[in-house]
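2 protein chains.
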Amino acid sequence: MSAVKLEECRQHIRAQLDSVVDFWLKYSHDTVHGGFFTCIGKDGNIYDELKYVWLQGRQVWMYCRLYRTVDRFRKPEILKAAKAGGAFLRKFARVSSSSGQWKCAFCLTRDGKAVKVQRSIFSECFYVMAMDELSRVTEDQDMQRDGAAILENVSADGSELPGCLGRLQNPGHALEAGWFLLQYAAERGDEQIQTTAIQKFVELPYESGWDKAHGGLFYFLDVDGHCPTQLEWSMKLWWPHSEALIALLMAYSQSRKAELLQSFFQVYEYTFSHFPDPAGGEWFGYLTQEGKVALDFKGGPFKGFFHVPRCLYMCERILDDLLASKE
Amino acid sequence: MSAVKLEECRQHIRAQLDSVVDFWLKYSHDTVHGGFFTCIGKDGNIYDELKYVWLQGRQVWMYCRLYRTVDRFRKPEILKAAKAGGAFLRKFARVSSSSGQWKCAFCLTRDGKAVKVQRSIFSECFYVMAMDELSRVTEDQDMQRDGAAILENVSADGSELPGCLGRLQNPGHALEAGWFLLQYAAERGDEQIQTTAIQKFVELPYESGWDKAHGGLFYFLDVDGHCPTQLEWSMKLWWPHSEALIALLMAYSQSRKAELLQSFFQVYEYTFSHFPDPAGGEWFGYLTQEGKVALDFKGGPFKGFFHVPRCLYMCERILDDLLASKE
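Top line first, the protein sequences correspond to chains F and G.
Residues 1 to 327 in full-length UniProt numbering are what the first sequence spells out, letter by letter.
Residues 1 to 327 in full-length UniProt numbering are what the second sequence spells out, letter by letter.
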């Protein structure tokens, strides 16, 4: 029974991944100036031509990963698109700064002129990721409150920050860190890290982050139960659900705890009944607490060809392994 | 009839202003370290002790203005609170920067240690405002699209920025700029500025910003009708409604156009039936598009003793003048 359901999941996820890859291959390539459009409306229209560097880097990374590891994506057009994206980044993303060190712009005009440079280093991270491999981000987060909660922001020495900033929780980030840790634990055969990852970074944020009234994962929470000060705290975003699917399925695959599979099915049900747009392709990214589409575009300054295909790709791989081991 | 309704409005606004001032006098003063708490929950509880410098400066400004210009607020406790807030700011808000110029912190610990310094200059603005007078912010915004729309962000030379950033509209900011311009026009007797302010900065953003389906003013819009990329775009915030009340009443008072008074009554109806909390005092600040309370605190990192009392104070003054002229 469970194998039948898992097989159904795999077929569905495989079809979703094919459809999402098709969407971005069809709409996002700028054949004139290179690089990718990422601000893509409901029906594939480009509503902003700026090139957001995070998403340029992520799309190159995602294409490379698919090309390298999934047979059906080992296609010349994907390799060509990844190379073209990398060339665009190398040519335009790096800007010189007053300190003499190089920086990456946050966004560029369609033809590659820097529009905005941010002080943070995320653009540089995704640039490096695109050129190389997924960075070791797994150890950035720290356990606080004696392991009773994962906090979004801590001080450099790991202690809790004052005020609501310090109390902020982001269930999606905790779950994402959870599967980073699970991969790390599996590579090193470290059962202690595996147990911590499952209990503290998967089960805990899933339980506290799930909206019992309307379903779905909250975007932000306050660890002491105050109302978060982020206006969008109660919204349901696509990417925490993508991360939850990976984290829960990977945690089940490593531990075979039945509860984790049940949780996976719960997130699966919510995710696929709310986010995908069967009419226009791809997923909507931003829902109200009640699950209504609040922003109707498919790609934007922070939503590109990354979380959805990474989730579908990884879930498909894990399901392949699970079903192979059951056969 | 209209005078009767205006008199009702005045009584109601006066009572609201008294109640809001009481709320902040009662809950926000830090008698141990000085300065003001601004993160205040539904029932007056302090849920974050950090001192946000914008709101420290704004509260000092608001207390001074009330003390100086409204007889019933000329009370020693208000003067004392304003002075104490000013002393706290002078002692702790200014920090030295690497460039040698002084900066203001964005927020401080309860006892005045800088927690966060931002690159933007808003903290400095509100610091200066608190120490001196309301700055001349009226001419910051520019008319774009041949006067058919007010844009939130433009380049230094006034031209339109590329992408969705350049197309962003914030009806509340446009309306706020509108009444700044109306004041400026009245001081100088400049009818051309008055006409522009009413047509372009009051009527236009009110008409395009009003949610015909659920009532209330949208937080953000895209001038070309695309979905804004701000997650909170469709939420109803308290302050755009505060600014709309001032702008519409001032525009009516200067022009006596009946449509402006009707619009004022429409915003009045929505505002007072949605934002004030008769049970716990003060106003809720953040509603969903449908008008449900989405964040239930009374004060937060960006909501303090400023927009609500400034709106009530100014509306009361304008109604005094209007009613006096009718008598």
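Derived by calculation from the structure, the hints in this document are not laboratory data.
These numbers come from a predicted model, not from an experiment.
There may be inaccurate statements among the hints.
[Stated by the list, open to error] Taking CB as the label site, the calculated pair distances span:
1. 119/G - 43/F: 33 to 41 Å
2. 121/G - 19/F: 24 to 32 Å
3. 211/G - 118/F: 30 to 38 Å
4. 199/F - 145/G: 50 to 58 Å
5. 290/G - 199/F: 35 to 43 Å
6. 145/G - 3/F: 45 to 53 Å
[To be verified] Covered by chain G, according to a simulated footprint, are these stretches of chain F (three or more residues, beta-carbon under 8 Å):
7. 48-60
8. 107-120
9. 187-200
10. 211-218
11. 311-318
Cβ coordinates follow ideal geometry from the N, Cα and C atoms, glycine included.
Legend entry - Hints violated by the structure (listed by number, smallest first): 2, 6, 9, 10, 11
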